[in-house]
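Novice: Protein chains in written order, with our numbering: chain Z, 11 to 563; chain U, 98 to 423.
Derived from the structure by calculation, the hints contain no laboratory data.
Treat each hint with caution, since some may be false.
[As the list claims (entries may be wrong)] Label pairs and their computed distance ranges (CB to CB):
| id | chain 1 | residue 1 | chain 2 | residue 2 | range |
| --- | --- | --- | --- | --- | --- |
| 1 | U | K196 | Z | N210 | 50 to 58 Å |
| 2 | Z | G433 | U | D215 | 16 to 24 Å |
| 3 | U | Q118 | Z | N426 | 51 to 59 Å |
| 4 | U | E363 | Z | E325 | 31 to 39 Å |
| 5 | U | F343 | Z | E129 | 50 to 58 Å |
[To be verified] Covered stretches of chain U (in silico footprint by chain Z; criterion: 3 or more residues with CB under 8 Å from a CB of chain Z, positions within the stretch not fixed):
| id | region |
| --- | --- |
| 6 | 290 to 304 |
| 7 | 379 to 388 |
Glycine residues also receive a C-beta, built at the ideal position from the N, C-alpha and C atoms.
Chain by chain, the residues run as shown.
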Amino acid sequence: MEDKLKKVQSIISSLDKVLVEEPFVVDQDLNAVGKVKVIYNEIGDALSFAVKVLPEYPLKRLNAEAITFYNKELIEYGHVMGDGSICIHTAHSFDVKKKLEIDFSSLKRWIQRYFVNKEHDGHYEHIIMQPVKYKDEHHSFIFTDTEHTFQYGDFGFFDFAQIHSGLFYDTKINNRIILNFKDKYSKIIASSKWSSTYANLPSANIQFGVYVFMEKPPVAQTRFIINNWKDLQGKVPAEFFTFLHGLERNNQKAIGAPIPLIIGYKISETEIHWQAAMLEFGRFPIRHEKINQMWRGFFIDQKIDWMITRNSSYEYFFGRGKFTDEITNAKILIIGTGAIGSMVATTLVRGGCKNIHVIDHDVKEPENVCRSEYAFSNGITNKVNELNEILTSISPFVEVQIMDDQFFHVHTKVFNRPQDLKGLEKALNKYDLIFDCSTDNDLMYILSQLSLRQLITLSITNNAQALVCGTEPSHYSWIMNQYENVLQNDIDDVYNPTGCWNPTFKASYNDIAVLVQYALKNINVKMGLQKELRNFVLLTNENDAFSIKLEEF
Amino acid sequence: MDKSSHLDSVIKTHQITKEEQLLKKHKEKNKEVKEALEKKYEESIYSPFNSGSYAKNTAVNIKFDFDMVCPFKRNAFGSNGTLKQMYEDVFDFLYDKYKDEASVRKQKVSIGIEFFADEDGDVVKIDVVPGRELSQDKYKDDENLNLYVYYKYGNFDQGSERIKTNVEAQIKNIKDRATKEKDSIRKIIRLLKVWKNTKYNYPTKSFFLELITIKAFDNKDVSGNLWSKLETVLEYIRDEVTGESFSLKDPGNSSNDLIDTLTVSERQTLSNDMKNMLERIEDNDENIKTYFPENPKFIEEEESDNKYKNKGNGFYSTPPKTERFG
Chain Z
11 MEDKLKKVQS IISSLDKVLV EEPFVVDQDL NAVGKVKVIY NEIGDALSFA VKVLPEYPLK
71 RLNAEAITFY NKELIEYGHV MGDGSICIHT AHSFDVKKKL EIDFSSLKRW IQRYFVNKEH
131 DGHYEHIIMQ PVKYKDEHHS FIFTDTEHTF QYGDFGFFDF AQIHSGLFYD TKINNRIILN
191 FKDKYSKIIA SSKWSSTYAN LPSANIQFGV YVFMEKPPVA QTRFIINNWK DLQGKVPAEF
251 FTFLHGLERN NQKAIGAPIP LIIGYKISET EIHWQAAMLE FGRFPIRHEK INQMWRGFFI
311 DQKIDWMITR NSSYEYFFGR GKFTDEITNA KILIIGTGAI GSMVATTLVR GGCKNIHVID
371 HDVKEPENVC RSEYAFSNGI TNKVNELNEI LTSISPFVEV QIMDDQFFHV HTKVFNRPQD
431 LKGLEKALNK YDLIFDCSTD NDLMYILSQL SLRQLITLSI TNNAQALVCG TEPSHYSWIM
491 NQYENVLQND IDDVYNPTGC WNPTFKASYN DIAVLVQYAL KNINVKMGLQ KELRNFVLLT
551 NENDAFSIKL EEF
Chain U
98 MDKSSHLDSV IKTHQITKEE QLLKKHKEKN KEVKEALEKK YEESIYSPFN SGSYAKNTAV
158 NIKFDFDMVC PFKRNAFGSN GTLKQMYEDV FDFLYDKYKD EASVRKQKVS IGIEFFADED
218 GDVVKIDVVP GRELSQDKYK DDENLNLYVY YKYGNFDQGS ERIKTNVEAQ IKNIKDRATK
278 EKDSIRKIIR LLKVWKNTKY NYPTKSFFLE LITIKAFDNK DVSGNLWSKL ETVLEYIRDE
338 VTGESFSLKD PGNSSNDLID TLTVSERQTL SNDMKNMLER IEDNDENIKT YFPENPKFIE
398 EEESDNKYKN KGNGFYSTPP KTERFG
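If we strip away everything but chain Z, and leave its shape as in the complex, we get:
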């Protein structure tokens, strides 16, 4: 330890424009701690930092750097945390000397950008706060956009619904979504833009809380959340105290029950954020005082227990990546929800699609699970019903509709006169995008006779050696020609499960998914460029290393 300490100290002292102010010592947690001065201009001005080097250094502790620079006087500057630590992300190195050089040069860059140049990053930096537990459990409130524009001084009720509970590190967390906002007379003024699955959660799951909208974020020193109720005085309208007082008085039987208060504020011209604190009936942090014959409300001197809130609006939810708008805004039909169809469905939903109809007459069996998006835990059940649950559990923004499983059979096989096909064409033209993953050649033939907005027919050969994607009007003859004359479709080597003769193709989830993802990527690229889709084949090669070749027609 002593050796490492000496080494760290000697390397730091050798760094350019860095002086050791207080020599490094080892504290009781085996960290090396000391103080340094960093000169940041020609005339010798310097900033001091307490430095803590963890024993793991130069490696990281979990995801965090094992070196920290502190200066509490700098917390008004960008990227400084509440404890005065400077938030730096630096490159990795196994070598202590190199790593110290890297870390100090990151610190110097921080000084230049945020201390000297006083830069402000374009994106909004959320308020720095540490969520606390209420009665030994965490509580989160997840919100999304509404159509309503909140104004300073608005207050009233909101409804929230419980979704799954889980563990937040070592503590139970109760997750809730905010459903709507009401005025003080309980009239709904704004509904959250969740899909109908979430908007219509059973009423047994629904509770209420109160909200107030402030003009500015509840912060001190620009980014640090106010931690005492009395510091919020003057930031909420006087009537809000009367409202809270009345609520408490009218709910005498609820004494001791929790009720969340969410505080809203603008973070940009168009976006708002909410912070949540837990109140308790009988112990609201307010008092009233008669001043000049008038009762006035005040917050009391008491710590605020802030809970967890998250903005989960569509833009945030899919902020890290999504399909092109041409796909996400499309009304989509997926015909056939087996291996390919279920993968297409989950990928589209994770990619931000909002409106998906599915149709399949089949039942999911345990042996379907290994190469589809289905789960064993759901047992034997209709594929479409399970898929509906999976898709709506992934995204709170997708409307899934299950079509009558007899739809195609009736329209294409029972009634297939030309005038019936016109009716089918009309019914299908309410979809912008239809994925036919049914592998039903009869259906493919009939669909090929219709003029549809965009039909995409996906299937694979045995062993997933090739994926065939038809996108053009002539797709029936093109696909049949691929299978019949062009591609290898080794149909002798099929999988025969026990029992009644019912062979199926051989391929794993990985074999199929790699091709489905490749195909969807190509479709996304072409549609994003507003190009017409062309029929294509993905050919795999396993002779040496695995490769996929896209052949566009």
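Chain U: place on chain Z using the hints.
Specialist: What follows is chain U alone, placed relative to chain Z:
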């Protein structure tokens, strides 16, 4: 497989004479429309005549229609009459006459008459193109006509008062070539039309495909068997259509450049489609069948038998080769 004999079969199964009944109905309606126009406009009109693919002998029997040019005299609509007046007058006449038996629509430079399907399900389509000679009584000498542009056509804006053309010159552009070459050009044009019909609303007009084929024949050594000739034309389109200085002059009006009917991105798409097609056919001859499909309506019986020869027929324990999975 022999690509050239497949292509021969494509042409054979797409001959308009195969659609004898439909062709006859087109001829009859064409005659009727022509006579009606002559009766209506009497001394103001020269004899309407067929232009388009039927006149040029490049028609195929899928989606075919008749184009009829109506050359009007300069003073047909008064000495100050406009081309718009001409266009509207012909439209009003045709609309009144046929509104109960056809849908009559204003198109780019023509008026489309699409007769409702008859008892056999046949649909007759005739596009009437009204045009006016440039100066009084000069048409017989110079064959030049001014057309009215109802909506944007290449570089001609919607409502443009004139687009000069010479339909006779357009027809002669193919007709006046040596018989052997003429025959090859027509075959390639028909094949390109068959290919175009496999796409959704492909932006290239038939006239564009005609001109680019002829230009390929003028600039390349287009020889060998039918596939070899087609391949040369496809390569020519692939390589040339995106060139900045590439032009396709209308033989009826050299200031009308058909390349302007495509956007830069559409030219790129056309070139890519040619590239993909050539590569896929190079990969596997069988792919030619779906780029240039035979018209299944007219595939002869013996060919049909061969086509469905046993390639994994679902005989008990194995599924057929066309079994798709997913």
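Novice: Check each numbered hint against the structure and report the violated ones by number, ascending.
Specialist: 3
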